Structures are given as structure tokens and as C-alpha cells.
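Hey, can you piece these two chains together into the complex? The hints should help.
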Amino acid sequence: MLKNVPMRKNPFSKEGARRFLLGSYEEKGFLVKFALYLVLIVISYIYLYPLLYMLVTSFMSVDDLVNDSVHWIPTSLNFDNFKQAFEVMDFKNTILDTLQLSVIPAACQVVVCCLTGYAFSRYRFKGKAIGWGLLILTFVLPSQATMVPTYLIFKDMNIIGTVWAFVLPAVLGQGFKTTIITLVFFLFFSQISTSQIEAASLDGCGHFKVFFYIALPCVGAAFIIGFLFSLVWYWNETYLTSMYISNSSIGNTNSMTTLLVKLSQFEASYKLLNEGNGDNTLNEAIRMAGTVICITPLLVVYFCLQKYFVQSVDMVGLKD
Amino acid sequence: MKENKTLLKKVKSRMFGREANWYAYIFLLPWIIGIAFFVIRPLALAIYYSFCEVNITARGIVCEWIGFDNFQEIWVKDINFIEQELSFLIQVILQVPIIVIFALLAALLLNTNLKGKGIFRTIFFLPVIVVSGPIINELQGQGATSVASSDQMIVTQVISSFLPEWLVEPISGLFSQLILILWYSGIQIIMFLAILQKIDLNMIEAAKIDGATGWEIFWKITLPAIRSIILLNAVYTLVYLANSGTNGVINLISAAMLKATRGYGYASSMAWMHSLIVLVLLGLIFLMLKGKADAFLKKQKKIAKENKRRERQRRRWEADAKKRADA
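Heads up: the protein sequence lines correspond to chains A and B, in order. Counting along the first sequence from 1, when you hit position 163 you're at 174 in this note's numbering, and nothing is skipped either side. Counting along the second sequence from 1, when you hit position 283 you're at 351 in this note's numbering, and nothing is skipped either side.
Derived by calculation from the structure, the hints in this document are not laboratory data. Source: prediction; values computed, not measured. Accuracy of the hints is not assured; some may be wrong.
DSS-like cross-link-like pairs, simulated, lysine-lysine; straight-line CA separation at most 25 Å [said to hold, decoys possible]: (1) B:Lys80 x A:Lys139; (2) A:Lys39 x B:Lys358; (3) B:Lys77 x A:Lys220; (4) A:Lys166 x B:Lys78; (5) A:Lys220 x B:Lys183; (6) A:Lys139 x B:Lys327; (7) A:Lys44 x B:Lys288; (8) B:Lys327 x A:Lys44; (9) B:Lys358 x A:Lys44; (10) A:Lys137 x B:Lys78; (11) A:Lys39 x B:Lys276; (12) B:Lys73 x A:Lys220; (13) A:Lys44 x B:Lys185; (14) A:Lys137 x B:Lys327; (15) B:Lys80 x A:Lys220; (16) A:Lys137 x B:Lys73; (17) B:Lys288 x A:Lys220; (18) A:Lys39 x B:Lys77; (19) B:Lys266 x A:Lys44; (20) B:Lys358 x A:Lys137; (21) A:Lys39 x B:Lys369; (22) A:Lys39 x B:Lys185.
Only part of the chain A face toward chain B is listed, based on derived beta-carbon distances under 7 Å [what the hints assert, rightly or not]: (23) Tyr58; (24) Val77; (25) Thr149.
Ideal placement from N, C-alpha and C gives every residue a C-beta, glycine not left out.
Excised from the complex, chain B in its bound form (with noise of 0.2 Å):
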């Protein structure tokens, strides 16, 4: 028995002792070659960028110091990032959620033993195949991502008498976009489809032997085996949201970008900012869905630690008991 233990520890230690942790190096090589050959060069030089004025000639790339003047340009003379960024805002609150839970319910539905769900899930691959390129535009062109307008009339109206002004433009919208939303949730659909497909069916089976119902099944067993899918998905409509050539940010600087007057210097600070601005939404995700997990995993340890106790307090009075009996 002790022989078996020292040996565990000694394979613990070579799995993923101090010492282990060298071969991560060797997985991660091809990775960190690209960093420094792809990544690290312009990266700095995005950075350097945005701090000049860059005038990109037939010779070559001419920069010009000018320190924080992009930024300060961008934050307090131009009116029309500000405005990008806030829609921009508007769209990730109401929309990320939307997506992401509208994937869920459509990846559970796919889950289902229903006849035909080959089929139905090859549809739902169109999405994944039909938003990422031009052929969306084309779409939109026709009016075919879009409800008919004169529902969106009706929509906006019932809307005004009971909100606030400025809330009512981008739920309108939302309603005006609620196909375009489901074109846009088909990456999330098809991951949550493979996670779900992992879920162990013995537990479910158990817990149905239990008495549990299938909505009690889905809280307490489904949620939380793909709650870190769900936090993928969040981060990922996110980005998404943020750089696809759709949002007014990127149009933005893509027309900065080719502006004489501004110039990439000027783009590349932009970039910057709004990639800032990503990286505190992204915070935010991961805290607010990051945060129920640990909450689970802190019950988890108590439930645990309780157990202990109580084995020990057990432990305790047999032998309590025991002796009493010697005695």
C-alpha cells in the first residue's frame, strides 16, 4: 500500500511536477516561433504608429513623432468615433446575449433524437458558411436577412409608447435584425452542438432514474458542463461583433486608413483604442460568467470539506466507542 503510494507521488511529480512543465515548450514551439517572427514586429510597430503621423509614399513608410495628438484627436475632436462606440456598445448588450442563448436553444433542439436532425443540422451549417463571406452582402442587398418593412413600423410604435427614447431605436432595430441574428449565430450553434454531444448520457439516465425532469436535468447537469462554451461563444460573438466589416468602428478606420488628412497613423491609434474598449467587455464576460463557476466549484470544495468532517467526527466516536468497549 505505501509502496503504491510513493509510487503515485513519483508519477504525479513526473506528469506535472516543476520539471514537466518543460515539455509545454516543445508543444508550444511552432506557436512561439510565429510570435516572434509574426506577431511581436507589428505589434510594435502598431504601437509606434499611433503615435505618428505616417505618410505612406512610393520610397517607403515616413513617420513623423507627435505623441498622444492621434488620441487626443480621436477622444476629443472627432464626433464620429464616440458615436461609433456607443451603437457599437448598444449592439454588443442587446445582442451578444441574444445570440448566444438563441444558439444554445438551437444546438439543444438539435440534440434531440428527432428524425431527420442530419438534415437539420446540415442547414444549420449554412450560416457558418454564408455570413463569413461576401455572399451576405449580397443577401442583405436583396432584403432577404430582413423583416418586411411595414411590420417594423408596428414594432417601433408599440415600442415608443412604453420606452424611453433612446432605447427605442435599437430594439427596433433589433427587431429589424432578428434574421440577421440568427444568420450570425451559426459558429456558436455548431460548438455547442459538439460539447453537448459529450455530455455523459449514463448521468442524465441516472438522474431521470432519480426523478429528475427534463428542465431540472438541463440546470443542474447540462448548464453546467458547457458553461465554459458558453463563455467561449460570448467572447467569440464579441469579437466578432467588434471586427466584422459591418460595425461603424472598422468602417471607420478603414476609411482613415486611405484618408490623406489622417493617415494609418491615425487608424492604427483608433484601433488601439477600440481594441481597449473590446478588451474591457471581454473582462466583463469573463467575470460575470467566469464568477457563477467558481461560486459552483467554492460549493463544490465546502460540500467537500463538510463531508471531512464529518468522517473524521465519525472516525472520532467509533473510536471513542472502541475504547469504552476495551475498557
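Chain A extracted, bound-state conformation (with noise of 0.2 Å):
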């Protein structure tokens, strides 16, 4: 079949237009490829759109927002939005909080899903049965249902209002959406072949050994994916955030929120700022500058572990 195709690439020859057009055995064809970008991009255009949005009218002032003839360029970089949305939100002790609350669950909550993904995977125990149910049970009950019997557990152990609302269920595997996490690094691990095990422990691996030095560099991609995933659902948590952690009827008054609590209450916390202030009414730029604000950090990081998540990918491509 080969045989027959010319060597030298001559794209105005029948055979090479073809080549040139569809593709051949090695390379796409500039047609596919067009056909492939033109569908990317328009995905892209569509998830681009709205936050784009959000960024440009972000930054226009209140002339700018009544003009119609601006539409997508602002007549003038205004940074004033994006200051007061800063003092709306209380940013500077907001954002220590936000992380605290979001980085040490979303941590806790990896390693204890690998373990138990791991051990639903690699044994047959007794209960298994028992666990699958109770696995799938806790995914599918809302969580409207076991909210004040929660909260009643939690009153009870003193940890309303603290970090620990978030993080003592996270560490002991039962965090936000936990089910989900542990069956993406059940499916990483089933991937690994008993023979691989086998082989391991005729050199002498015991069962952590094999779990350390076979199993883990298997899984690193949905280290990343359960980190990533997971710190985005603590980061956008409101409800169950305003419920435990910054419920303000337990009477303490320097509880701790996030930036997205801030955000929900962004038109009520900008009255109580402006009061007196006349006519200094919440326009839209400035609660689009709090949106833009609360998800630059999730962006910032996605680009940062991005890398490493293709990295480590391919390197485990490699090691099979």
C-alpha cells in the first residue's frame, strides 16, 4: 500500500494534494487538522465568552457600564472596581482563611481516598459488600438529609467554627464528594497487574513496600486530578461553609469565612460599607471584579500543576 505513494512531497501533484488535504499514515491531513482546531476553538469560544465578559466589565466605570457604544473595550483601565471589591471582601484576612479551609481538607482528603481506594482494589476483605454500599450510600444521600444530625455531631465536639469542621472529615475520609475521589484511584490502581506484585514481592516486598514502590508511582495523575478536583469543591463550597464554619448565630463574632461566603454576601456587606455614602449603589462592574477575584487562585493553580499533571502522565506511560 505504501509502496505506490511518491517519496518527494510534491503537494501539486494529484497524489500530493491528497496527501496534503486528508493526511497520510503519518501526518494529519490539513483538512482534518483545520476541522479539529475550528471545533476546539469554538468550544474554547464558549467557555471563553462569559469570563471574558466578567474580566472586561470588570474593569469599566460606571460611565462606561450606562455608554451602549462600549461594549467590549473600556474606555479606561479602571482599577477602582477592583479596590473596592478588595474592601468589600475583607481580602487581606478572607483569603488566609479561604486557603486554610480549602488546601488542608482538599490534601487530607487525597491521601485518605488513595488509601482507601487502594485497599478496595488490591483485597477482597470481609464487609466489602458492606462498603461498597456504604460508599455509594454517602455519594448518593443529598446532604441536605444528614446536615443537622451533622451539625448536632459537630456541636457536640466543639468544633463549630473551626477548621477542623472541615478537616477531621476530610482526614478520616469523609470530606466533599470522597466517593468520587476514591473510585477515580480505585480505577488507577485496578490498572495495576498482579504479575506486577507477584514480581515485586519474589524480591522481597511486603505489602507496604509493594503499595510505596509499586502502586503509588502508578497514580499520580489522579493525585493530581482528586487534588485539583477537591480543592475546587472546598474553594466553591458556600452552603455547608456558611452552616458550620461561619455560622454567625453561634455567637462568636470573629468566625472564620471565605472569599466565596464574602461573595454571596457581597450586595449586603456593600450597603453596610457604603452606608451614608448618598447615592453609591452597587454597580455590576464592581461585584464582577469579586467573581474575578475569587476564581484567579483556582486558575492560578490549575496552570501551575497543569504541567506536572502531563508530566507525570507520561512517565507513567513509560514505567509499564
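See the structure below:
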């Protein structure tokens, strides 16, 4: 089949043109590449459009917002919105709380999910069926059903309003959406072949050595996925955070809050801050600035971790 | 040779035997403690509350046992619950396959060797961040997540010309939510991408050399390798749709929790009914996607059996031939 294809690339011959447009064994053709890029760019546009809109709006002054002719490019870069949004959300104090309430539980959760997933994929222990049942049930049952009982337990333990209300369940494998991360680890671990474990065991590895030297290097991607997802989930949670952590009804005034909780109370706190300033009502631009502030840290984390995500994946591919 | 075999047997029993399985509990230790502390009691209480009329007062929680009254009210008297549950069912049937298939296609696209795939991968992570937070509501408020309304009218008209009445609304709704569906598939895309990168490239190379087309490679190599992640993504999508704040049933539960007439007991019995339905759907998804995997394994086993039989036959023939030669 390959014999008939001329070796020299001449895009003006019939065969050459076909190869250029439709591709060959080694390379995708121009038309194929064009179609792929087109699809990717269209979807990217859908994802980027609202965020770009948000970013642009957050730089607009009040005049630009009202002016119909200003659509995409603000007449001047207005950093005042960001200044006000930082003030309204009390950024300096809130960001520390937010980091504590998202990074620590996410890291703990990933480690515990890894252990649980390994046990489920590698061993056949007694009560495994019950374990699966509980794992699925805690995932499926809406959090509303167990919210009040869980609140009572936290209250008994005296951890309402502290980091522990998030960290303790995460350390014990009961954080947000633990089941899905456990399942990711389960699937990644179950791709390890038993003969690999046998070989390691013949060389004198025990159960823990097999776990650390054989199993763990194969699930680097799962670690990064799990950490990213649970970081995002903890970061974005407002309902449970305002219930367990920043609950004002318990009486302690300096309880912890997160950026997202502040964002949900944006309007109220803005009014409180600007009381007596006359007609200084909240405009869309300041709100958008607040939203941009909330998602930027997550994007930065992803930009940094994404490199390792791809790298670790490639490394695993070589090891197999 | 025999020594090696006994050694291997020893190793096998050490690593996979009955004794070995005690190690599972060591790995599971934190999770089991968590279950004991944070799951058993809330679950038990949630079951208990669902049979009670619960009043949350300043002094504490007052429960009054009323048996199955809550459940009876949900199914017989409350019109909203059944209506919302039905619309949830239709949403699941339409959206779960679309989300999973779209995510798979997007991940396949991102997995090709295109220039600038790093940038695209970063862009495709945006929905993960946006959807799980309150930001999606803000975007929805702006109308950034739906198609322009004039298009939707045309779509509705076209659909209603050849489909029964009760299907028109969900499908035209689907078109208006098409962009929202794209937003919902962020996590699924990332998971598919991770597993696609783990597929052995040598195998694909070998298949290519044997003359397999890209189409055949996808069906024969890629798809079997990612089958388990397809199941996982379908399950995740189902549970996400079931428990997200945009679901009507969840809104009903949240509303009932705060109402004085219904109370927390009614809300928790509703939550149990909802999760029962979700569990049934989960089982269906599991059977649908798992069944195929079993068929594949069965085929493999059958081929292995056949090969063994042939091997035995060949040996017998050889032995016969040897005997004859000796004779």
C-alpha cells in the first residue's frame, strides 16, 4: 500500500494534494487539522466568552457601563472596582481563612481516598460489599438529609466555627464528594497487574513496600486530579461553609469566612460599607471584580499543576 | 523448575491469600473510623427523622413518631414531588448520555497531537471551576449560558412537527441548555483525558502497523481501555444532576426543611425517596455499561479455552505421532 506513494512531497500532483488535504500515515492532513482546530476553538469560545465578558466588565467605570457604544473595550482601565471589591470582601483576612479551609482538607482528603481506593481495588476483605454500599450511599444521599445530625455531632465535638469542621471529616475519609475521588483511585489502582505485584514480592517486598514502590508511582495523575477537584469543591462551597464554619448564630463574631461566602453576601456587605454615602449603589462592575478575584487563585493553581499533570501521566506511560 | 513453582505459590498466598486480606483493614483504618464517627449516626438519625414529625425548637429537636405518614404524603398528597421527579428522570435520560459522549469526544480531541494543546487543556478546565461555584448562577443570570431565544422558537417549532407533545418540551429545553451541558462536562473531560494518556501507545502503534484505521483503533483499543471511566463518568453525572442545586427535587427538600408545616422529618423522608430513585438509576447504568464489559471478558475467556483445547489436541497428536514413529 505504501509502495505506490511517491517519496517526494509535491503538493501540486494529484496524489500530493490528496496527502496534503486528507493526511497520510505519518501526519494528519490540512483539512483534518483544520476541522479539529475549528471544533476546539468553537468550544473554547463558548467557555471563554462569559469569563472574558466578566473580566472586561470588571474594568469598566460607571460611565462605560451605561454607555451603549462601549461593549468590549473599556475607555479606561478602571482599577477602582477591584479596590472596592477587595475592601468589601475584606480580602487580606479572608484569603488566609479560605486557603486554610480549602488546601488542608483537600490534601488530607486525597491521601485518605488513595488509601481507601487501594484497599478496595487490591484486597478481598470481609465486609467489602457493605463498604461499597456505604461508599455509594454517602455519595447518593443529598447532604440536606444528614446536615442537621452532622451539625449536632460537630457541636458535641465543639468544632463548629473552626477549621476542624472541614479537616476532621476529610482526614477520616468523609469530606466533600469523597466517593468520586476514591473511585478514581480505585480505577487507577485496578490497572496494576497482579504479576507486577508478584514480581515485587518475589524480590522481597511486603505489603507496604508494594504499595509505596509499585502502586503509588502509577497513580500520580489520580493524585493531581483528586487534589484539583477537591480543592475546587472546598473553595467553591458556600452552603455548608456558612452552616458549619461561618455561622453567625453561635455568637463568636470573629468566625472564619471564605471568599465565596463573602461573594454571596456581597450586596449586603457593600451596603453596610457605604452606608451614608448617598447614591453609591452597587454596580455590576464591582460585583464582577469580586467574582474575578474569587476564581483567579484557582486558575493560577491549575496553570501551575497542569504541567505536572501531563508530565506525571507521561512518566507513568513509560513505566508500564 | 518445581522449586520456582512452589515459591511462586508461596508468594501468591502471601500477597493474595486469606491472610493478606487483613492488610486491607490497615489501609481502610481512617475511612472506617470516619464511618463510625461521621456516617453511622447521621444515617441512623436521618432514617429515624423520616418516620417522625420533627420540630427544631430553641431547646432542641423534638421528634414525634408518626410511622409511614411522611412517605404516604409524599406519594399520595404532594403533587410537586412526583412532577419534579419525572422531569428529573427525563433530564437524566437525555443529558447523561450527551454529557458523557461529549466529554469523551472533547477528551479525544484534546489528546491528539495538535499544537497549543496545553492552552486548550487549560481552557477546558474552566468549567470545573465555574460550575461547582455560585459563579454559574451569575453567568446564567446574564444569559451567557443559553442560546439566543429567537433560535429556540424555531427549534421548538421544528421539533413539534414530528415528535409527540410530551417530548417536545424537554428536547427544546435541551437545545436551550446545550451550552449549559457543555459547562457541566468539565470534570468528565479531565477524567477521560487522564485515562486516555495511560493507554499504551505501543499497542496503538502495533495496530497501525497491522493496518488498523483510526476508527478501528478507537473501537477495539481505546474504548475497551476506558470503559470503566465511562461508567464512572456516567455515575458522576447522574449523581451531580440529582444533587445539584438546580434540581427541582433538591429545591423541594430544601424548602420543606424550613417550612413549619412540613418540617425536617418530611424533608428527610423526601431525601430518602429521592436517593432510592437515584440508586435504581445507578443500578441501571451499572448494568448497561458493566454488561458489555462482561461480554468482552466472556469472549476472551472463550478464546482462551478454545486455544487450550487446541493445544491439548496438538499435544495428543504429537504424542500419537511419536508413538507411531517408535513403533
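Do the hints match the structure? See the list:
Only pairs whose Cα atoms come within 25 Å are accepted, and B:Lys80 paired with A:Lys139 is accepted, the gap being roughly 21 Å. Under the criterion of a C-alpha separation no larger than 25 Å, the hint pairing A:Lys39 with B:Lys358 is inconsistent with the structure, at around 34 Å. For the given pair, B:Lys77 sits about 20 Å from A:Lys220 by alpha-carbon distance, which is consistent with the 25 Å threshold. Taking the CA atoms of A:Lys166 and B:Lys78, the gap is near 51 Å; set against the 25 Å cutoff, the hint is violated.
About 40 Å separates the Cα atoms of A:Lys220 and B:Lys183, which puts this hinted pair outside 25 Å; it is violated. Taking the CA atoms of A:Lys139 and B:Lys327, the gap is about 40 Å. The hint is violated against a cut of 25 Å. Under the criterion of a C-alpha separation no larger than 25 Å, the hint pairing A:Lys44 with B:Lys288 is consistent with the structure, at around 24 Å. Between B:Lys327 and A:Lys44 the CA atoms are separated by roughly 57 Å; this puts the pair beyond 25 Å, and the hint is violated.
For a cut-off of 25 Å, the pair hint linking B:Lys358 to A:Lys44 is broken: about 35 Å separates their Cα positions. Our distance criterion of 25 Å between C-alpha atoms is met by A:Lys137 and B:Lys78, whose separation comes to about 22 Å. For the suggested pair A:Lys39 and B:Lys276, the alpha carbons sit about 14 Å apart, so the restraint of at most 25 Å is met. Simply put, B:Lys73 and A:Lys220 have alpha-carbon atoms about 23 Å apart, close enough for the 25 Å limit, and the pair holds.
The straight-line distance between the Cα atoms of A:Lys44 and B:Lys185 is roughly 13 Å, inside the 25 Å bound, and the hint therefore holds. Only pairs whose Cα atoms come within 25 Å are accepted, and A:Lys137 paired with B:Lys327 is rejected, the gap being roughly 44 Å. With a C-alpha separation of about 16 Å, the suggested pairing of B:Lys80 with A:Lys220 holds against the 25 Å cut-off. With a C-alpha separation of about 29 Å, the suggested pair A:Lys137 and B:Lys73 falls outside the 25 Å cut-off, and the hint is violated.
For the proposed pair B:Lys288 and A:Lys220, the alpha carbon gap of about 35 Å is over 25 Å, so the pair is violated. This hinted pair does not check out: A:Lys39 and B:Lys77 have alpha carbons roughly 50 Å apart, beyond 25 Å. Distance restraint check for B:Lys266 and A:Lys44: the Cα-Cα separation of roughly 24 Å lies within the 25 Å cut-off, and the hinted pair is therefore satisfied. Under the criterion of a C-alpha separation no larger than 25 Å, the hint pairing B:Lys358 with A:Lys137 is consistent with the structure, at around 23 Å.
Only pairs whose Cα atoms come within 25 Å are accepted, and A:Lys39 paired with B:Lys369 is rejected, the gap being roughly 37 Å. A threshold of 25 Å between alpha carbons decides the hint, and for A:Lys39 with B:Lys185 the separation of about 15 Å falls inside it, so the pair holds. Of the supplied interface hints, the one on A:Tyr58 holds, with its beta-carbon coming within about 5 Å of a beta-carbon of chain B, less than 7 Å. The criterion of a C-beta within 7 Å of any C-beta in chain B is not met by A:Val77, whose closest approach is roughly 17 Å, and the hint is violated.
With 7 Å as the threshold, the beta carbon of A:Thr149 comes within range of chain B, its nearest partner Cβ sitting at about 6 Å, so the hint holds.
The structure is inconsistent with the numbered hints 2, 4, 5, 6, 8, 9, 14, 16, 17, 18, 21 and 24, although it conforms to all the rest.
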